[in-house]
Structure formats: structure tokens, C-alpha cells
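2 protein chains.
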Amino acid sequence: MDDNEARAVVLLSGGLDSTTVLAIAKAQGFSCFCLSFQYGQRQRVELERAQKIASHFQVKQHLILRVELDAIGGSALTAAVAVPKDRVPQEEEADIPVTYVPGRNIIFLAHALSWAEVLEANDIFLGINAVDYSGYPDCRPEFLDAFAHMARLGTKAGVSGKELHFHAPLQHLSKKEIILRGVELGVDYGMTHSCYDPVGELACGHCDACLLRLQGFRAAGLDDPAAYAR
Amino acid sequence: MDDNEARAVVLLSGGLDSTTVLAIAKAQGFSCFCLSFQYGQRQRVELERAQKIASHFQVKQHLILRVELDAIGGSALTAAVAVPKDRVPQEEEADIPVTYVPGRNIIFLAHALSWAEVLEANDIFLGINAVDYSGYPDCRPEFLDAFAHMARLGTKAGVSGKELHFHAPLQHLSKKEIILRGVELGVDYGMTHSCYDPVGELACGHCDACLLRLQGFRAAGLDDPAAYAR
Numbered sequence: 014m015d016d017n018e019a020r021a022v023v024l025l026s027g028g029l030d031s032t033t034v035l036a037i038a039k040a041q042g043f044s045c046f047c048l049s050f051q052y053g054q055r056q057r058v059e060l061e062r063a064q065k066i067a068s069h070f071q072v073k074q075h076l077i078l079r080v081e082l083d084a085i086g087g088s089a090l091t092a093a094v095a096v097p098k099d100r101v102p103q104e105e106e107a108d109i110p111v112t113y114v115p116g117r118n119i120i121f122l123a124h125a126l127s128w129a130e131v132l133e134a135n136d137i138f139l140g141i142n143a144v145d146y147s148g149y150p151d152c153r154p155e156f157l158d159a160f161a162h163m164a165r166l167g168t169k170a171g172v173s174g175k176e177l178h179f180h181a182p183l184q185h186l187s188k189k190e191i192i193l194r195g196v197e198l199g200v201d202y203g204m205t206h207s208c209y210d211p212v213g214e215l216a217c218g219h220c221d222a223c224l225l226r227l228q229g230f231r232a233a234g235l236d237d238p239a240a241y242a243r
Numbered sequence: 014m015d016d017n018e019a020r021a022v023v024l025l026s027g028g029l030d031s032t033t034v035l036a037i038a039k040a041q042g043f044s045c046f047c048l049s050f051q052y053g054q055r056q057r058v059e060l061e062r063a064q065k066i067a068s069h070f071q072v073k074q075h076l077i078l079r080v081e082l083d084a085i086g087g088s089a090l091t092a093a094v095a096v097p098k099d100r101v102p103q104e105e106e107a108d109i110p111v112t113y114v115p116g117r118n119i120i121f122l123a124h125a126l127s128w129a130e131v132l133e134a135n136d137i138f139l140g141i142n143a144v145d146y147s148g149y150p151d152c153r154p155e156f157l158d159a160f161a162h163m164a165r166l167g168t169k170a171g172v173s174g175k176e177l178h179f180h181a182p183l184q185h186l187s188k189k190e191i192i193l194r195g196v197e198l199g200v201d202y203g204m205t206h207s208c209y210d211p212v213g214e215l216a217c218g219h220c221d222a223c224l225l226r227l228q229g230f231r232a233a234g235l236d237d238p239a240a241y242a243r
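Just so you know, the protein sequences line up as chains A and B, in that order. If you read the first sequence in the working numbering, its first letter stands for residue 14, the second for the next number, and so on. If you read the second sequence in the working numbering, its first letter stands for residue 14, the second for the next number, and so on.
Since the hints were derived computationally from the structure, they do not count as laboratory data. Errors might be hidden in some of the hints.
Computed from the model, here is a short list of chain A residues facing chain B with C-beta under 10 Å [what the hints assert, rightly or not]:
(1) Lys-65
(2) Tyr-113
(3) Leu-235
(4) Asp-236
Computed Cβ-Cβ distance ranges for the label pairs, DEER-style [as the list claims (entries may be wrong)]:
(5) Glu-61/B / Pro-97/A: 37 to 47 Å
(6) Ser-173/A / Gly-42/B: 36 to 46 Å
(7) Glu-61/B / Arg-79/A: 17 to 27 Å
(8) Ile-77/B / Ala-19/A: 35 to 45 Å
Ideal Cβ placement from N, Cα and C applies to all residues, glycine included.
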């Protein structure tokens, strides 16, 4: 390694959660390597935001990888299935939403793990959250524990005795708590993008992601600096 | 589903092992969906063979996905590191070979899992092998068990109570036993490609993969029908 700081791979979508996680990893003193994915998502504006955010935080490297989830199909985020609008935002959701992408977080984490091994990084940060996204099986703490166990057995780094740490610092925070933590760290949420169905650069204000975000800012007593279509 | 047979996703590299696995899955009555990867490997001839093999076995679908392991780097198979030649072939290898690609099988299995979920397939077949490839952490039985556990917790299919089965029918077979099993099922090994460092369409005959393959055919008392450079 050419630097003294410990290296970390940070999964960065360009959204509110992952940007907060990047700020947390930086505040903990990690040398950050950000990883984003072009997976055929409708909201390509996410990746432009991710690039701006990575640049703003002066990360060591920002890698954007193509992952062909669109060829595999099966979700409202990549296929021609309608994104639900104006539903009552549900924390602690019981059903699995149509915006669930089969295997997405598993595929993303697998790439992060591969890159961490190449970088000799022992730490991987991600913005999964068990409160807002309890409907997604691949956001739950028991899933992440199982992934970490598998990673220790299935990598050279792991079997060589290196401790691989998967950090999900937002795991048990509400959207309000995430926003307050980010504001405390100086995050400019105007840079972030959360919408599942944006109108150009503007957030729709009606999909689940927008509704949860707006609800979070209201609960925090703050204005959301993001630009909305209406 | 539009057919009566149970569906299976089969990881197909175009090599000897995965082709044998495809023959086994077919023989077990599965409707096979084959998955291959273009991951920046030097041996692109593999993918042409995989296409011919998938066509020969009349599989339901053959999907070739781009995975950017070359952008991540870190292996003799994708980066500018020399492939070792004329080493003594080692079954039960203790060290991790330079041809180990960090996270490769984890990334491949993650894609297979995602596609299986979209296809409503409960079965995933792969040609990992604990005998020939004991040096690769991501080929060991305890790794695959941990992956299966993680998959049950991290997918909609898994948490909905569907039984996901990961089949590694070659797990405990020697190369000789794999070849004999394939020949019994009528596999034409002339179609398969194993070499890490081919000369055009021809296998080099000197890399670890070639040496293990040739040793396997000799042990089985058979001629290898593959074409070698010398």
C-alpha cells in the first residue's frame, strides 16, 4: 500500500444513504475507494451524482462497473414494470416491493469483495438499512452476517486469516436519524439522488424512495434540498 | 412456467468440468438455462465453445453476461501476470494459485442466483471441484454451504420458503472420475476447452489446467480428443 490509512471499499449509489455512509467512512479515517454500478437502472442520473459526490469527498478512486441485471430482468427498477406511486410510505414493510431486484445486493457485495481483495482492503461499507427497507431480504442484518461468513470462507484474504469487516452503519437507523447524522458530518444532501423514477434531473416526489426521503426530512425538521418535479 | 420440467441454471464455462455438469443436469431431467461470463479472460475461445456446447445440448437459453473482473484486476487470468507452465500438476494443492481470481466464483454464483430467482428455478449447478482445485478457497464445500445459507437469507425466493439447491456433482471427484462420468453420459470432450493460455483455438498443453486434464485422461486410459498446440 502507498498510504498509511486503512483502505475501505464504499458502495456508492449516489443516494442519500450511501452518501451518508461515505461521510461516515471518511470520518472514521478510512482511505475510501468508491464502487458504483451501471446495472440498467432507469435512474441513470444516480451515477452522475455518484461521480460528483466521489469527487466532492476526494476519494482515492471511483470505479463504475457494468452489471447486466437488465439482461437477467425481473424488477421494476430494470424491466418494464411500473414503479408504484403515492403509496403510504411504510417503515418496517412486510411484503417484498416490486422494486426488489433479485440478487442485486448480493451481486454488488460480491464485486466489492473482489475489489477489496485486490486492494488489500479489509473493510467494506454499505448503506443497507433494516428499518426503511425491511421488505428487502438482502438488506437485513442476518443476510449481511451470512454474507460476511461466506466471504471469509470463499476468499484468499478470508482463508489467509484476514479479518473482513462489513460495515452497515445505517442498519438500525430511521431515515430521520440518517439525515441528522449526515448533516452533523456536513453532507450536502442537495447532491444526492434517491428517486426511482426521475423526470430528467428532478426527483418525482411520488415513488416510495421519494416519499420515505421527504418523510425523513420532515421528521428531522429540515427542508430537503433536492430538486423535485413538483 | 411454460414447461413441465423443473428449471435449473447451469454455470457453463465451456470447459471439461462444467460441460460434464451440464450433461449430469440434463440426465437428471432438468430444463437447463446456461450462464456464461465474459470477464476479460484471456481464453475467449472458452465462450465460443460454451455456445457450441449449449447448442449441442439444446438448452432452453444460454445467457452470456459481461462481468468486469478485468477492471477490478488481480489475477493471472485477467491481468498481465504470467500463467505458470509445466509445473508438476498438484491434486490437493495447498497454496492458492496465481490463477485465482478474487471473488470470481462468488460473483458468478451471485448472477446465477439472481437469474434463478427470475426464472423461478430452485436449482443451480456448477462444476467446482474440491480435489483438483483445493487451492481455490471458492471451490471448497464449506464455501458452497455458506453461499447457499446466505442465498436463502438474502433472496425473496429463499425467505419465501423456496428450497434453493446448489448442486456441485463433481465436488468430490478426481479429474479421471469426472471424465469417466462424462464419457458414460456421451459427452464429446473434443468440444470442450480447458486451457488458461491457448494458442488460437489450440490448447497450450503446459498450463496447470492442460496438465491436470491430460493427467486425467491418462489415468482414465483414454485419449484427450482436444487439439493441442504441441
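Quick rundown of the hints versus the structure:
1. Lys-65: violated, 21 Å
2. Tyr-113: Constraint on Tyr-113/A satisfied, holds at 6 Å.
3. Leu-235: Hint on Leu-235/A: violated, closest Cβ of chain B at ~33 Å, above 10 Å.
4. Asp-236: violated, 36 Å
5. Glu-61/B / Pro-97/A: 37 to 47 Å: Since Glu-61/B and Pro-97/A have Cβ atoms about 43 Å apart, the given range 37 to 47 Å holds.
6. Ser-173/A / Gly-42/B: 36 to 46 Å: This hint holds: roughly 41 Å between Cβ atoms.
7. Glu-61/B / Arg-79/A: 17 to 27 Å: Hint holds: Cβ distance 22 Å, inside 17 to 27 Å.
8. Ile-77/B / Ala-19/A: 35 to 45 Å: holds, 37 Å
In summary, the numbered hints that this structure violates are 1, 3 and 4.
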